[in-house]
Amino acid sequence: MVNTKQGATYSAEEGVNEGILSFAREALSKECFDAVLMTAKMPKNDSFAHVLIADETLLGDACPLCPVMPIQGARVISSLTRYGKGKKKIGVLVRPCEARATIELAKLGQLDLENITIITMDCPGMIPLSDYFEDAEKGDKVFEDAFQNWNSEPMRPVCRICYKFSSAGAEDLHIGIMGAKGGSILLIPHSPKGEDVLNKMGLSLEEDVNDWEASVNKLTEERKQKRNQSNEVLRSDIEGIDRLLETFSACINCHNCMRVCPICYCRQCHFDSDNMKFSFDDYLTRAEARGGLTIPTDTLLFHIGRMLHMSLSCVSCGMCEDACPMAIPVAQVFTLVGDRNQEAFDYVPGRSVDEPLPLKTFEEEEFLEVEQSYTGVSARQENQND
Amino acid sequence: MTKALRINKSAEEGLKELLRFLLDNGKVKGIVTLRKTGKDGAVSYSLITNPDDIESAVPLFPLMPVNLAKQLSRLTLIEAATEPIAVVLRPCELRAFVELVKRTQGSLKNILFISSTCGGVYPLEMAVEGNIGEHLSEYWKAIGQGELVPNIRLACQACEYFMPYTADITVSLLSNKGIEEETTLFLNTGKGESIVEGISGKFSEGDLNTTTMEQIRSKRKAEKEKLSDEVELRNLGIDEITKTFSRCIGCRNCSKVCPVCYCHVCFFETETSQHGPVYYERELDEKGCVNMLSDTIFYHLVRLFHVSTSCTACGQCADVCPANIPLWAISLKMAEAVQKAFDYLPGKDIEEGLPITTFVPEEFAGIV
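Chains as they are written, first to last, in my numbering: chain A, 1 to 386; chain B, 1 to 368.
FYI, nobody ran anything at the bench for these hints, they're computed from the structure.
Since the model is a prediction, treat every value here as computed from it, not as a measurement.
Only pairs whose alpha carbons sit at most 20 Å apart, straight line, appear in this in silico EDC-like list of lysine to aspartate or glutamate: (1) A:Lys-277 - B:Glu-83; (2) A:Lys-85 - B:Glu-271; (3) A:Lys-85 - B:Asp-285; (4) A:Lys-85 - B:Glu-283; (5) B:Lys-29 - A:Asp-281; (6) A:Lys-89 - B:Glu-281; (7) B:Lys-243 - A:Asp-46.
Excised from the complex, chain A in its bound form (with noise of 0.2 Å):
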């Protein structure tokens, strides 16, 4: 969603890059933040992880669009804020699924804005961890290759089929790299934190930014036409309890997937809890019942339970897919379900900080279709008949 008309200009002459770079190091020296926090390369040159940096002379090896995700930002950023806001001003410098996550935790109450600047930037997609970690050079080049001209292909499946790649609406500041001028990249504020740095930088806001609206306008279309696709191919593969549970089959209940995933922040788990371990009658009955009972027990009551949990809040970003050591497509099933359930609520995870949680949102009258009196006659009836 873009809702800012005006931009500025930054030069980017040595590419994305290190135009972010630039402009990183700058808003330090001028004290725009204390810190900033970004991925960076890591000492054997085969990994990334989330820097905060407050000395600029530091920001060489940081890499704010690299070609994997390592962590989810938000993750991070809660790490940092969820014992209360520093003293220090941050910026952060996160892809747009990391900053939707982000505005998730803040209403979930696990991270803490106020002295935190986030920004955004187009995001081309990030490869499979699985693709880098075989081969890291061969991944970044990879990588640098498709961000040339936006090819989706080597990227994330869930990546492939993103349409909001670019601006959340939500963050303080966006980079717009998609349609700027050749050898610059547009920096186009959404809050008065974003246009603070603008100011403290000695920016002003003189761009219209109609070149690159229309360039993320356009594959903001073909992606969610192509998202549509996918979630139908997935719907006909995965509906159904059979082939949900074919879909999951070789799931080995390690629960990566939710320990990487930015909105499930529980402490502990539901189903790590003692309330998931039962006595060896209540197996054996379970067995007896069925005819066979597979171990581990309850894996996919464990996924359904994950979904109604957080599918409302679920951004999309694919690190549970990321995590999986058996490479089952949870976040396409997790788009599927969640797009679905997120258009029931009419609610956009990570578009406004103000806009409340479905679930903590109280409406007398709602998905009276679904509802059942204790008289066995529905709600809608029994309101017909009012």
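With the hints as your guide, set chain B onto chain A.
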């Protein structure tokens, strides 16, 4: 000499015959073994109670979807098995379960353990690619000849403890040229002997050929040395450790799938090990930058330290690592050193106390 039972069928079919016999004759109420569960060939452990379902069992399928020790702990944690069951598992799983029982995380009671001389399992990645089936004939050929099986888990290629220690019944697989035609089961315990009474098969006496087993052991040992060199483990100093673990994404899946990591809540997930803004800001003031994925090396070192006496080198940790860190090799190196120092082999003997709970007044005097 050990009592041996021979069944006139291939190893897998013969073993299934035994399992069916046990259920049919009410000798056990349930059987835990691998079973084909998904249409596309997914294999999972299953608690089977209906003899007809033994048909879909694949007890010797070379895959370890989960380390069964962890699951047996789950089954017997609240109460020991109230009815007799039989369990088919790999030697490293059996050893890990014995360790868990020593740590009061389960019970051996009422369980008949059936294991085998183990040729290893394929990596989970191969199950993901769905092509284990193509490798099966190669697998069984190599097993029968006592050769190393190509493409199995690196942890398995390097495993020297491929013979079960505490199994009631051992299926002879390695270097057993007749596995396609005949199943040889060694009845190691009185329980193993008495439970098969009434089964149709040939009874005799015999033992695993120790010379052959030693030959296999030396092959594995040589392979271990080679693989350790490949992952550059020789001089694992702090710099190498830092670099090796810099790929870690902090998901801790290594601990979640580890049979020995049984803690309900890991120290690294408690409040104590969470940092607040004060910590990050202090680090920032001191160093100018902070890696937000803090304490990864600390986590890995502490985990190694905690599991090293009981680690049975099953390799599950490495198989699930999204960052392909050669955890099997690192754990193995650590475990070998620690177990040697304490003269302790995890899972070998249920009566042997855990080094960590055994107080010896004069121990390691040199480093005190």
